[in-house]
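Protein chains: 2
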Amino acid sequence: MPDSAKRAALTRRSLLVGIGAAGGAGAMYAAMGVLGLAPSPATDPVPRTGGAPGPAPYVPPGRSDFTLRGGRPAKVLVLGAGVAGLACAYELGKAGYDCLVIEARDRVGGRSLTLRGGDTVTELSPGQAGTADGVAGRTGASPGGPATPSPGPSTGEPRLVRFGPGTYFNAGPARIAQWMVTLDYCRELGVPLEVFVNSNASAYVFTSGMTAPVRMRTARADAYGYVSELLAKATDAGALDARLTPADQELLLDFLSDFGEIGPALTYTGGDRRGYRVDPGLKAGTELGRPPELAEVLSRGLGRMLTMDAGYEQAMPMFQPVGGMDAIVRALADRVGAARIRTGTRVTRITDRAGGVEVEIDGGAPLTADYCVAALPPHVMARVPANLGADVRSALATPIPMAAGKLGLEYGRRWWELEDRVYGGATETDLDIGHIWYPSHDYHTERGLIVGYYNTGPHAEAYDAMPHRERVRRALTHGARVHGARYRKDLLGAVSIAWRRQPHIEGAWVRWPSTSGQSLLQRPAGRVYFAGDWLTHLIAWQAGALESARKVVTDLHHRVLKEG
Amino acid sequence: MPDSAKRAALTRRSLLVGIGAAGGAGAMYAAMGVLGLAPSPATDPVPRTGGAPGPAPYVPPGRSDFTLRGGRPAKVLVLGAGVAGLACAYELGKAGYDCLVIEARDRVGGRSLTLRGGDTVTELSPGQAGTADGVAGRTGASPGGPATPSPGPSTGEPRLVRFGPGTYFNAGPARIAQWMVTLDYCRELGVPLEVFVNSNASAYVFTSGMTAPVRMRTARADAYGYVSELLAKATDAGALDARLTPADQELLLDFLSDFGEIGPALTYTGGDRRGYRVDPGLKAGTELGRPPELAEVLSRGLGRMLTMDAGYEQAMPMFQPVGGMDAIVRALADRVGAARIRTGTRVTRITDRAGGVEVEIDGGAPLTADYCVAALPPHVMARVPANLGADVRSALATPIPMAAGKLGLEYGRRWWELEDRVYGGATETDLDIGHIWYPSHDYHTERGLIVGYYNTGPHAEAYDAMPHRERVRRALTHGARVHGARYRKDLLGAVSIAWRRQPHIEGAWVRWPSTSGQSLLQRPAGRVYFAGDWLTHLIAWQAGALESARKVVTDLHHRVLKEG
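For the record, the sequence lines run as chains A and B.
If you read the first sequence in the numbering used here, its first letter stands for residue 1, the second for the next number, and so on.
If you read the second sequence in the numbering used here, its first letter stands for residue 1001, the second for the next number, and so on.
These aren't lab readings, by the way, just hints derived from the structure by calculation.
It is possible that part of the hints are untrue.
Ranges between beta-carbon positions, derived for each pair [as the list claims (entries may be wrong)]:
{"no.": "1", "chain 1": "B", "residue 1": "Thr1245", "chain 2": "A", "residue 2": "Thr211", "range": "20 to 26 Å"}
{"no.": "2", "chain 1": "A", "residue 1": "Glu296", "chain 2": "B", "residue 2": "Pro1264", "range": "25 to 31 Å"}
{"no.": "3", "chain 1": "B", "residue 1": "Gly1166", "chain 2": "A", "residue 2": "Glu358", "range": "50 to 56 Å"}
{"no.": "4", "chain 1": "B", "residue 1": "Thr1269", "chain 2": "A", "residue 2": "Gly412", "range": "49 to 55 Å"}
These numbers come from a predicted model, not from an experiment.
We treat Cβ as the ideally placed atom computed from N, Cα and C, and that holds for glycine.
Kindly generate the complete structure, drawing on both the sequences and the hints.
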């Protein structure tokens, strides 16, 4: 998630009060304890040093639960084979639940989409996406939706991905923080990990007011240097006498001396951390030159770019599955079993009955089950006719699907490693491309894939509206402002994605304009449960989908055990 | 290199004036151009954005050089199969030089030592190492050395390394910066890379004044928060009116607001970056609690620990070869060929003659060659009888071997990942263990190796003097102050190394107390050249050894071409 989205998410968090308050993990945990389902040592929450990061305590359902209590695993229809839906089926399967996952798209994974050579990308036509039934018309906070089945907007021609062997593009999620439950699933599923370089001191920052990009390390050293100089001199001039004892002022000056490399004169003139024009080697390094003046550093407006990786969701190190993010959803789908997943199957109606749920689908007889988990995006689910009540429909229609886009640029030569000495990480810009990401894997191989833009908000909306060719043209023009002519050289191919134009997904993630209706969807509507990142405080992260799935599985299993 | 060593290196750099000034890379490059040996596109120095990091321009010798100029490749004896010696033989081999590498130890690699199950570690006896001929007696700046052959200090019992399959311990160098030439050798030799996590926001900082460790992210957020608050309030109170325009003050406050998460009240009360007591998930995250008071934050004395990874040699991302650092020296040795490397062979005398060099060895007939490259540590080379003159001997005896030690602790369970959610990186302490490193590879596997100490200076000297068992005991006691009782649980085995006690190496790296004699050793003494990190501004880095090797190879090749 980009910094801008992260900040929006923080705002969302403060809005999302009360989620999990009713029947949350604590209550669940206590109930499981009563049933003799104490957590295994592997998941036992051990007292941890410096806070207890990591997922909420979770006890997966098990077959022995029924031995202890009687009863039998129920039949469950899971709607949507994204991360949340697959995780539900996988977890319920541990206790022998009879699950069937229905997916409208022709592949599993939902937004966890890794594209390789031979894949196709299909987008909703811009005209179609702009209709009241489509996506663009729904980015306002308009509640409700049609009560009749929608055929869904029509799509444009599929674009063939022409990447070479070994090249992949994580078009959706691409990085995992250490504390997120996603890593636990990687461990459990045997998905090997490697570091995703989320921040690289050798990559660049570039704002439109700058004439040339500056390396992150240089920009950071200059900012920290001047902050230290200003505070050290203010301290020296007595400005902090009322606040700090002389001894504490000394400690502060000690800290600033190192933090800003300002030396005993308390003046910033640059230092080792800026980097070199010619690196140290046989000779001492040649300095880059004098740092820019304080006023110039301030005018760059780089603040947020320099602290992006300080965020709790963004701090280094982050991780990625080796070979592509979809390793996680493929492993989940493997465990669920191909026979329990039906792709290319659209849900046209959901009917909740006293003894079960009926789900009508395109091109097949209606399906029935004891329970249903709706793991569709809320704005898509809101269009499916269902007898779940006006409140549920209104709540589903509340979250606003947000735009985000990404562009994968495959190059035949890793010039960023060879010439810029940039191994992974991101260049941060204030251009409409947002970031440029360099690959964090297969270093030193021939080909490599750069993410030419990863943007959100109005920038993403602008790219959404463009045809693919125009997106590439624009991104290359902006990228060349950072990297010069080499940005167009050795380019082999490009794949773009506009998440609001992805069939059956129609949004990168959602924003809740108000908390209205959220707690309602945390609870089942009759025999229909809802799951997804959009119901958690980890919107736009796979971890949100996984935490939500665990909650639904726990609630559903508990109910089955109780109701026999 | 630890932060303390890095700072010492910076000081050394300013001392090392003039290195490479005589006949350096520039002159070499011009000469090669005249010979029609223009650099290939792969090594051509392309104008780079934001400085031109990376190794000095280098043109490897090639067989065609002799075709153009006549003459023939010479016969070269290389003394020492460390990184510098192997790189010399490898590079000279590209032009068909007839090289033979003589190594006193029973394995190649020198300080680039990766230990695995079945290896043994032999140390010089503390008593022996303390003799005038040994190591401890040489840590003073005493110049000169014995002019008679030394049998070398005797050794203690070899300790068997009992690690399980897959576990390895980089007892010497362990990380590579993006700009260092070491990465170029990894590319050229086909050594696959992965990220070495040199800094982890989730790892800890701990100083002896603290009652409990604090996560790096938390300590950093608190320090940055208070710095921002103090400077913002000083600005607000007019303390910067003479320095900054009102508009620039606004820009500064904007920056500080984000940098310190201080909000519009300009007061630090903590924020997202500190981390959580309970992570965000279904519910919003539970905060860690109020940040400590400013005075407490200042009293921790964490400054240097928080900025360790800002250094030019330490910034993230850093890299390591997959499977162990010795992949590089093994690849070099492979290219040189086993037939050209004689391990277990000690040099006892070097005689420079008008037409060649004679090298006497233990247990064999004297060897002769056209040239010799002495790639031994200077303090070891200084003990080898040679007719290179008193100035050379005195210069070789000038650098002081420094102490550094490391401890590898193999655990049967990766509790730091499972319980602390720490994936790689380092905990920084002011205890005599220095750092605790967590493994940056094979995440989520069963076993893992923690570096229980990596210390230098007086701390390393203290551990040097201890028997292995005592080193382990002490490191576990200190580590338990950070990690509690779990630090002793699941421990399978431990391997320690004291670099001053390593036979034929006798030091982690060197410190030059004065520049006297350095430029002398940059030039050959007759037909004897000197190579090693100790002759560069990258002391203690493999990159220094490699840059030095390239310089020697270039000089030697140029001479051979010129003299025919």
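Evaluation of the provided hints:
no.: 1; hint: Thr1245(B) to Thr211(A): 20 to 26 Å; in the structure: 22 Å, holds
no.: 2; hint: Glu296(A) to Pro1264(B): 25 to 31 Å; in the structure: 26 Å, holds
no.: 3; hint: Gly1166(B) to Glu358(A): 50 to 56 Å; in the structure: 52 Å, holds
no.: 4; hint: Thr1269(B) to Gly412(A): 49 to 55 Å; in the structure: 51 Å, holds
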